[in-house]
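We have chain A; now place chains B, C and D onto it with these hints.
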Amino acid sequence: MIDKQVRSPAEAVADIADGSTVLIGGFGEAGSPIELIHALIDHGAKDLTVISNNTGNGRVGLAALIAAGQVRKMVCSYPRSSNSKVFPELYRAGKIELELVPQGTLAERIRAGGAGVPAFYTPTTVGTVLAEGKEHKVFEGREYVMERGIKADYALVKAELGDRFGNLTYNKAARNFGPIMCSAARVAIVQVTRFVEPGGIDPEAVVTPGIFVSRVVEVPNAAHESVLVAQGVTYP
Amino acid sequence: MIDKQVRSPAEAVADIADGSTVLIGGFGEAGSPIELIHALIDHGAKDLTVISNNTGNGRVGLAALIAAGQVRKMVCSYPRSSNSKVFPELYRAGKIELELVPQGTLAERIRAGGAGVPAFYTPTTVGTVLAEGKEHKVFEGREYVMERGIKADYALVKAELGDRFGNLTYNKAARNFGPIMCSAARVAIVQVTRFVEPGGIDPEAVVTPGIFVSRVVEVPNAAHESVLVAQGVTYP
Amino acid sequence: MTVSTAIVGLSREQMARRAAQDIPDGAYVNLGIGIPELVAGFIPAGREVIYHTENGILGFGPPPPPGEEDPELINAGKKPVTIKPGSAFFHHADSFAMIRGGHIDFCILGAMQVAQNGDLANWLTNAPDAIPAVGGAMDLVMGAGNIVVVTEHVTREGAPKLVEKCTYPLTGLGVVTRIFTNLAVIDVTKAGFVLREIAPGVDVETLKSLTGAPLAVADDLKTVSV
Amino acid sequence: MTVSTAIVGLSREQMARRAAQDIPDGAYVNLGIGIPELVAGFIPAGREVIYHTENGILGFGPPPPPGEEDPELINAGKKPVTIKPGSAFFHHADSFAMIRGGHIDFCILGAMQVAQNGDLANWLTNAPDAIPAVGGAMDLVMGAGNIVVVTEHVTREGAPKLVEKCTYPLTGLGVVTRIFTNLAVIDVTKAGFVLREIAPGVDVETLKSLTGAPLAVADDLKTVSV
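Protein chains in written order, with the working numbering: chain A, 1 to 236; chain B, 1 to 236; chain C, 1 to 226; chain D, 1 to 226.
Excised from the complex, chain A in its bound form (with noise of 0.2 Å):
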């Protein structure tokens, strides 16, 4: 029988190795997979490449995963926020790596990844100083730059209902990269508010089919970064 739920996010993460590629969901704090994210900060794993979207706040979730040295380099497209000092400070100081990727370059690549295309023209960056040293092709005209596909060891992504076959259904706007994400590592390990069994989704409404999860665990009532942040809590 297949049966991809783990008991535990700590279980979830084990065999994250030191130097892998990390995909981790979430738009801001909407999908950000904060339990697997501490469990990645227990585990321990460093000299990570971490690809996400923003760079955390506070000293919780992604932004303490960062302030615990655990990231040797972040892929990303907006690296600041009102209340976020742990990316800014380490990347002044030199002691992070950053690859500044526009958002909709961004998922495009993650899902290309994940399709098995390896590298795709788009028109966002042509004339900007992100286009420097890419590839540039007219076509019809117009300029575009090559970006390539990307591809990661594994993803941790917050969905909303899983099955053990790793179908899944997102909440809201948390649905954000979770779907591209799973597509494009190869483990995803997913957090989900509630497990159900096989026919609890509609497979009309299915957003991510589980062919492209390797484990599920359920997290019935996650934390959200701004509510542990207002109440000045950090991990660990």
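Derived from the structure by calculation, the hints contain no laboratory data. For clarity, every value in this text was computed on a predicted model and none was experimentally measured. The hints are all genuine.
Simulated crosslink set (PhoX-like; lysine-lysine; CA at most 20 Å straight-line): (1) B:K137 <-> A:K134; (2) A:K85 <-> A:K95; (3) B:K85 <-> D:K78; (4) C:K165 <-> C:K208; (5) D:K84 <-> A:K4; (6) C:K208 <-> C:K190; (7) A:K151 <-> A:K46; (8) B:K137 <-> A:K151; (9) A:K95 <-> A:K73; (10) B:K85 <-> B:K73; (11) B:K151 <-> B:K73; (12) C:K84 <-> B:K4; (13) B:K46 <-> B:K73; (14) A:K46 <-> A:K95; (15) B:K95 <-> B:K85; (16) B:K137 <-> A:K137; (17) D:K208 <-> D:K222; (18) C:K165 <-> C:K190; (19) B:K134 <-> A:K137; (20) C:K222 <-> C:K208; (21) A:K73 <-> A:K151; (22) D:K190 <-> D:K208; (23) B:K151 <-> A:K137; (24) A:K85 <-> C:K78; (25) A:K73 <-> A:K85; (26) B:K73 <-> B:K95; (27) D:K190 <-> D:K165.
Okay, now just chains B, C and D, sitting in the frame of chain A:
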């Protein structure tokens, strides 16, 4: 008020001009927008380039459109079937052009067109006759072929539920090319089984957001190609 | 202090109200962070507009009442929103397919600088310690159908934001079609900036002195109506 | 007619049953049209396998009883199927993302010819009036994790289908790892074809005479067990 509903298939296709490029949904008969195709036959636009996975069966639907001499060129992955005589005869007689595209490349080209991606690389067809004359490029030691995004003037698609904004759901495997074809057409025309009020589709379960759709027409009891063929129906 | 009195011009709300008048009925609209966000509150009666946000919602509505915020129902500015009947959620690749694919009709953004050829700089200063952060700005300017800017006419330090050539790193080349400032409505044309409307109480010569590039004046120059 | 008696070998069902033994528990599997479709009926007890079909279903089940067919619930062969709890529908681009992206573990296809280097030809003959039709075959062979072929050992005319070099247009280069025929189970290795299992009643010399390329014999040659 935004209202994309039109009253009849005839009204929905009335502005399709000679020489248009038209995406037509369906994989075999599943998802084939047969009433919209028949309206296009009545309308009479000719010299069309039609992009569709197959070429239809019997003398109804897509096969009838081809038989009517309205199609100059088919872009297609599988232009024959056990019950398909129209296309093979015209093709052997040199009266219709064929651009043969592998099914996955066809889908990705249509998705790319809708997503503003002018070209991408795929391993599919490398080393085969279908890659001849195409640009190749090596990534990480593996060879890939460059394929172009497809955009079209119109799409004819069959969906299940639709609202006045053009939000859509589909029925089972009839989903196939519908969502990507809607995105790649300047004007996406959709026949739905049932019209619902805004909110009648759960926002988590919308498959095609209305932004990709221009016109929706209700066709409550759409015909099935196989039934018509079995009854010996021909159109017109 | 007559100069600083003279250059107050429109309030943020008035700028948003004026920009809103340009949005056609039925448009799919993306609003940037800051003043552009205010535009949604001023759509003229009788028009229905659908808002898109990069993080995956089409058809969202105004902020919820205090206490009803949902941390997983936010816009691209990471502020709480609500949804209206007929909305849809989708993932980031689909969301930017809408943008890059040309499906967004109208996009209103903030700006650090706009050049007379329509070049836009709105993501990064030249400050040596600036953390580069681009978000979806470059995707929006290259993909959306019509890019307009809402911005103060000059910086807090009084420097022109409408310039001959951007000195900050560019977001996109030749993308801006119209600029709504606290002082004027200015079109970006092949011949450069053209003044279409001027704020009440502002005179053309003052405006020219606050603009860092030649400013042609439309034959039918109007006063901004808000 | 001793020769034709000798080369009957396995039935279509027996070929499918043997191929099914190779599918690991938990695999995501795509089955081609024809004999490969039969494989689903012979998965060994205790294994759970999830079937993918190019036209957008994961987790479909066997055909429905007569009269319960749904023309919009079909597989890539356009035959009616059913769905099982835990299935999912998706569009064609997502479906081929699964294929091209390497998410399908196991793919079983038919063949016109397989070359000793693993080249596969299964979409077009050289007949002058053939209508070219490729479907998803080229995507599958370039994307799926493991490509195996189930086919009669020779054509209806008695010509070898396992050959030194394909004469028909290729579907993909060097993609086939194993071939299940009515006479044998043959691996495609860097050194060419290697006979692993032979059908009951078939002798190696006869098999070699029906194979269009050199056929090495495994040290531990077995009889096909079905």
